[in-house]
Amino acid sequence: MADTIADTSREEGAPAYASEAQDAVIDVADLYVEFPTVLGVVRALNGVTYRVPRGKVLGVVGESGSGKSVTARAIMQILEKPGHITNGEIWYRPGERKDAVERSANRPKHSPPPFTSAEADIATLDPEGDEIRGIRGNEIAMIFQEPMTSLNPLYTIGNQIEEGILLHQTADKNVAHQRCVEMLRQVGMPNPERISQSYPHELSGGMRQRAMIAMALSCRPTMLIADEPTTALDVTTEAQILELMRELQRETGMSILFITHSMGVVAQICDDVVVMYLGRIVERASVEEIFYNPKHPYTISLLRSIPRFGMSKDQPLEVIHGSVPDPYSRVPGCPFHPRCPAAMPGICDKIVPVEAPIGAPGHGVRCHLYEGCTPTKTVAEPSAPARTRKERRAKAAADAKDARDAAARDNRATMIDDSKGA
Amino acid sequence: MPTEDMRPETPAGPQTELGENVDTKDSLDAPASTAVDDPAASDAAPPEATGQSEEDLDLDDAERESAVEELQQGLKTERVPIGDMLLEVRDLKKHFPITGGFIRHQIGAVKAVDGVSFDIRKGETFSIVGESGCGKSTTGRAILQLEKPTGGEVIFNDPKLGKIDLVQATRKELKAARPNLQIIFQDPYASLDARMTVGRIIAEPLVINKVMSGRALRDRVAQLLTIVGMRPEHASRYPHAFSGGQRQRLGIARALALNPELIICDEAVSALDVSVQAQVLNLLEKLQQELGLTYIFISHDLSVIEHISDRVAVMYVGKVVEVAPTAELFSRPRMPYTEALLSSVPAPDPRNRVKPKILIGDVPSPANPPSGCYFHTRCPYAKDICKTDAPPLREVADDHYAACHFADELELKGVNALPPLDIQVPTRPQMADSTA
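So the protein lines, in turn, are chains R and X.
Here the first sequence is numbered in numbering that gives the first Met the number 0, starting from 0 and rising by one per residue.
Here the second sequence is numbered in numbering that gives the first Met the number 0, starting from 0 and rising by one per residue.
None of these hints come from the bench; they were simulated from the model.
There's no promise every hint is true.
[As the list claims (entries may be wrong)] Cβ pair distances, simulated, as ranges:
#, chain 1, residue 1, chain 2, residue 2, range
1, X, G107, R, E201, 17 to 25 Å
2, R, K349, X, G360, 19 to 27 Å
3, R, H200, X, G150, 26 to 34 Å
4, X, S370, R, T36, 34 to 42 Å
5, X, T426, R, P356, 44 to 52 Å
6, R, Q314, X, A193, 33 to 41 Å
[Said to hold, decoys possible] Computed list of lysine-lysine pairs in BS3-like fashion (alpha-carbon distance at most 25 Å, straight line):
#, chain 1, residue 1, chain 2, residue 2
7, X, K92, R, K312
8, X, K147, X, K92
9, X, K162, R, K55
[As the list claims (entries may be wrong)] Just a sample of chain X residues kept apart from chain R, beta carbon distances all over 12 Å, derived:
#, residue
10, P80
11, G82
12, G150
13, A277
14, I307
15, S342
16, K354
17, K356
18, S370
19, R377
20, D383
21, Q423
22, R427
All of these numbers come straight from a predicted model, not from anything done at the bench.
All C-beta atoms in this analysis are idealised placements derived from N, C-alpha and C, irrespective of residue type, glycine included.
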C-alpha cells in the first residue's frame with residue numbers, strides 16, 4: 000500500500016478534512032444527488048458525509064427510500080439516468096499522491112489507460128471516461144442484491160469473471176482463467192473448474208451470489224461495495240455468505256461498504272454504522288454504540304421495532320407511526336419529525352439539525368434533542384461550492400476530451416501503420 | 000350497523016350498482032355511519048400540505064375500538080369455539096408433473112408438498128417456516144384449494160357445514176366453506192387491483208358472495224377500514240395512493256370482509272420495511288385477540304415467527320420435519336435442520352456474534368430428493384441409517400414432533416434469548432431551554 004505521508008501540496012479547493020482522512024479509502028463529503036423526473040425532483044441524497052475507513056466494514060442502514068443504494072451507486076458513477084450528483088465530493092484514496100502506485104505494465108490493448116491508483120474526486124469524473132473505468136470494477140468492486148439479474152444468462156460464469164480480469168489485470172487468457180478458477184475456489188465453490196464452465200441458471204441463489212463475490216474480488220479491489228448482498232437469500236445461505244465475506248475481508252484487508260436494511264446483519268458484520276433516513280445520515284457510530292447506546296429517536300425506534308428472540312410475547316412491538324414519506328415530497332426541518340415521538344413543534348419541523356459529536360469518539364447524531372445539533376442560525380440549502388465544482392467539472396471534461404482526441408490520433412496512426420504493413 | 004344479517008344471503012342488487020355506490024364516493028360523507036364518526040371534519044389541514052401525509056392516515060384508538068365492538072357483536076353467532084379443532088391436514092401432497100420426451104408424457108414430478116400432516120386449533124397462530132422452495136407456500140395454497148392437492152385430506156371444521164374434507168368437496172361445498180378461509184399475500188403491490196378503488200377491492204368478497212349491498216355494504220367497508228386503522232373515506236381512493244404498509248392493511252381488511260375463521264398469511268410482512276413490519280404484526284395480533292382469528296403464518300423470517308406464533312412447523316423439501324410449541328422449538332430443537340436454521344439467524348446484537356452452523360451445499364431438488372432422510376446430505380450428525388431409512392415424524396416430547404432417527408439422543412442447541420433492550424424512545428422534552 001502506498002505511503003501516506005501528509006501531502007501538503009493539495010490543490011486549492013480540495014477539502015481540508017481530506018488531509019486528516021488518510022486512513023479512509025473513500026471520503027464522501029456533502030453529497031447531493033437528484034433525480035429530476037416527470038412527477039417532480041426526487042432528492043435522493045441531501046448532504047451525505049461519511050468515510051469508509053481502510054480495512055474496515057462500514058454498514059449503511061436504512062429503510063427503502065433512505066438513499067443508501069444511491070450513495071453506493073454515486074461512488075461507482077453508475078447512477079441511473081436522470082440521476083446526477085448536484086453537489087459534493089467523493090474522494091477516492093484521499094491524500095495519496097498521483098504518482099503513488101503505477102499499475103499493470105503489460106496491459107491489454109483496448110483497456111483503459113493505467114490508472115495511477117491515487118487520489119481522485121470521483122464526483123467530477125466523466126461516468127464513461129477512462130479514469131472511472133480504471134477504478135470501477137478494478138479498485139472498487141460491487142456486489143448487487145439480485146444475483147440472478149446481475150449475471151448475464153448468455154455467458155458462462157467463467158467468461159464473466161475473466162472479462163474483468165482481462166480488462167484490468169492481464170491480457171493473457173490462460174492467466175485470467177487460472178485466476179478465475181482460483182477465485183471461485185476461494186469463495187468456497189465445490190469443483191470450481193466445472194462451475195466456471197456453467198451458466199448462471201445452473202447455479203442456486205447462494206452459488207450465484209458466491210460467483211458475484213468471486214467476480215467482484217477478482218481484481219483484488221481496495222474497496223468492496225455490497226448492496227444488500229443477502230436480502231434475496233435464505234437465512235442459511237445468508238449465514239454462509241456473511242461468513243464468507245467476513246473471512247475474505249480478514250484475508251485481503253479490503254474495506255467494505257455494506258448496505259442493508261437488516262439490523263441483524265449489521266450487528267453481525269459491521270465495524271461502524273451509518274443510519275440513513277430520507278437521504279440524510281441521522282446517526283453514525285461504532286456498531287457497539289449503535290446497538291447499546293443509540294441516540295437518535297429513529298435508531299432507537301428501529302431497534303425496538305424488530306422482534307428479538309426471547310422477547311415477551313404479550314409485549315407488542317414498538318411502532319414507528321406512519322411510513323416513509325413519498326420521495327417527491329419535501330419534509331421541512333428534520334426529515335424524521337413527522338414520525339418522531341419526541342418531535343418539538345417549532346424546532347424540529349422548521350430547522351434542519353446539524354451533526355454534533357456525542358458520547359464516544361466517532362459517535363455523531365443529528366437531532367435537536369442533543370446539544371450542538373441546533374444551528375444558531377438557520378442554514379440555507381448549500382449553494383456555495385457549486386461554482387467551484389462546476390469549474391472543476393468543466394476542467395475535468397476538457398481534460399478527458401483531450402485524452403480522447405489523443406487516443407483517437409494514436410489509433411488512426413496505428414491503423415495507417417497496419418495498412419501500410421499489409 | 001346490524002352485522003347479524005351479514006351471513007344470510009341478502010338478495011344482492013345488481014353488481015354494477017354496487018360498484019358505483021362504492022366507486023363514486025360522494026355519497027359516503029352523507030351517511031355519518033353508526034360505526035364511524037367522520038374524522039375528516041375535525042382534521043382541517045389537508046394531509047399533503049405538511050408533508051406528513053402518512054401520519055394523518057392513521058386513526059386513533061377510540062374510533063377503532065367502537066368499530067371493533069360493533070364487529071364483535073356480529074360475530075356472536077355460529078363460530079367455532081376457541082380451542083376446538085379447526086383444521087386437520089392429513090398426508091397432504093402436491094406434485095407438479097414434469098413432462099418431456101416425444102409425446103410430452105410425464106417423466107417425473109416435483110414433489111413440492113409430500114405428505115404433510117398437522118392440526119390447527121381455533122384461535123392459535125400456527126407458523127410454517129423453511130427455506131425457499133421447501134413447499135411452505137404451496138402447503139398454504141393447497142389448504143385453500145388454490146392448488147388442487149394431488150392427495151391427502153384437509154378437514155375443515157366449518158361452523159355451518161360441520162367437518163368437511165376440502166380436497167373431496169364439491170364446488171358448491173367449497174364455495175360455501177371458502178368465506179371462512181382467507182389469505183393475505185406477500186406483495187401488497189401486486190395483490191391489489193390498481194384499477195379498482197379501495198372500496199371496491201374490500202367490497203368484492205361481499206359482493207361475490209352476495210352478502211350485502213347498497214348502504215349496508217358501504218357501512219361494512221367503512222367499518223373494515225376502521226378496524227385495520229385506516230379512514231373510511233379512503234374507500235374512494237386507488238391503491239397507488241397508499242404506502243406498502245397501508246396496502247398490506249387493505250389486504251387484511253379484504254381478508255376480514257367475510258368474517259373468516261382462518262387466515263393464511265403468506266409472507267405477509269416480508270415485503271415491508273422494518274418500521275412498518277411492526278405495525279402490521281401488531282395489527283394482526285390485535286385482530287386475533289379481538290376477533291378470535293386463527294392464523295397460518297408462512298414466513299422465512301425466524302424472528303418474526305418467534306414473536307407471533309404459538310406453534311411452529313419446520314419444512315424441508317416438501318416435508319414437515321419438526322412441529323413444536325414456539326418456545327420449545329426455539330430453546331430445544333430436536334432436528335438438526337432446525338438447529339442449523341436457528342443458528343443462521345443474524346442476531347441484532349453485536350456482542351452476540353456467534354459463528355453459525357454452516358450447512359454445506361444446497362437444498363436438494365424436490366424433483367429428485369435424496370434417499371432416506373432428505374436432510375442427510377447436509378446433516379453434520381448423519382449416520383448410515385439416515386441414508387437408507389426415512390425417519391417418520393414422531394412425538395419426541397409432549398406436543399413436540401420431530402422427524403429424526405436421533406431426536407432423543409442429540410443435544411441440539413437452541414437460540415439464546417437476547418438481553419432485553421432497555422433503551423427507551425425519547426419523549427418530547429419540556430420546552431424550556433431552547434427556542435428557535
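For each hint, the structure was consulted:
no. : hint                          : in the structure
1   : G107(X) / E201(R): 17 to 25 Å : holds, 18 Å
2   : K349(R) / G360(X): 19 to 27 Å : violated, 57 Å
3   : H200(R) / G150(X): 26 to 34 Å : holds, 31 Å
4   : S370(X) / T36(R): 34 to 42 Å  : violated, 56 Å
5   : T426(X) / P356(R): 44 to 52 Å : violated, 24 Å
6   : Q314(R) / A193(X): 33 to 41 Å : holds, 37 Å
7   : K92(X) / K312(R)              : violated, 33 Å
8   : K147(X) / K92(X)              : holds, 9 Å
9   : K162(X) / K55(R)              : violated, 61 Å
10  : P80                           : holds, 22 Å
11  : G82                           : holds, 18 Å
12  : G150                          : holds, 28 Å
13  : A277                          : violated, 4 Å
14  : I307                          : violated, 8 Å
15  : S342                          : violated, 7 Å
16  : K354                          : violated, 7 Å
17  : K356                          : violated, 8 Å
18  : S370                          : holds, 20 Å
19  : R377                          : violated, 9 Å
20  : D383                          : holds, 23 Å
21  : Q423                          : violated, 7 Å
22  : R427                          : violated, 5 Å
Figure legend: structure checked against the earlier numbered hints; hints not met, in rising order: 2, 4, 5, 7, 9, 13, 14, 15, 16, 17, 19, 21 and 22.
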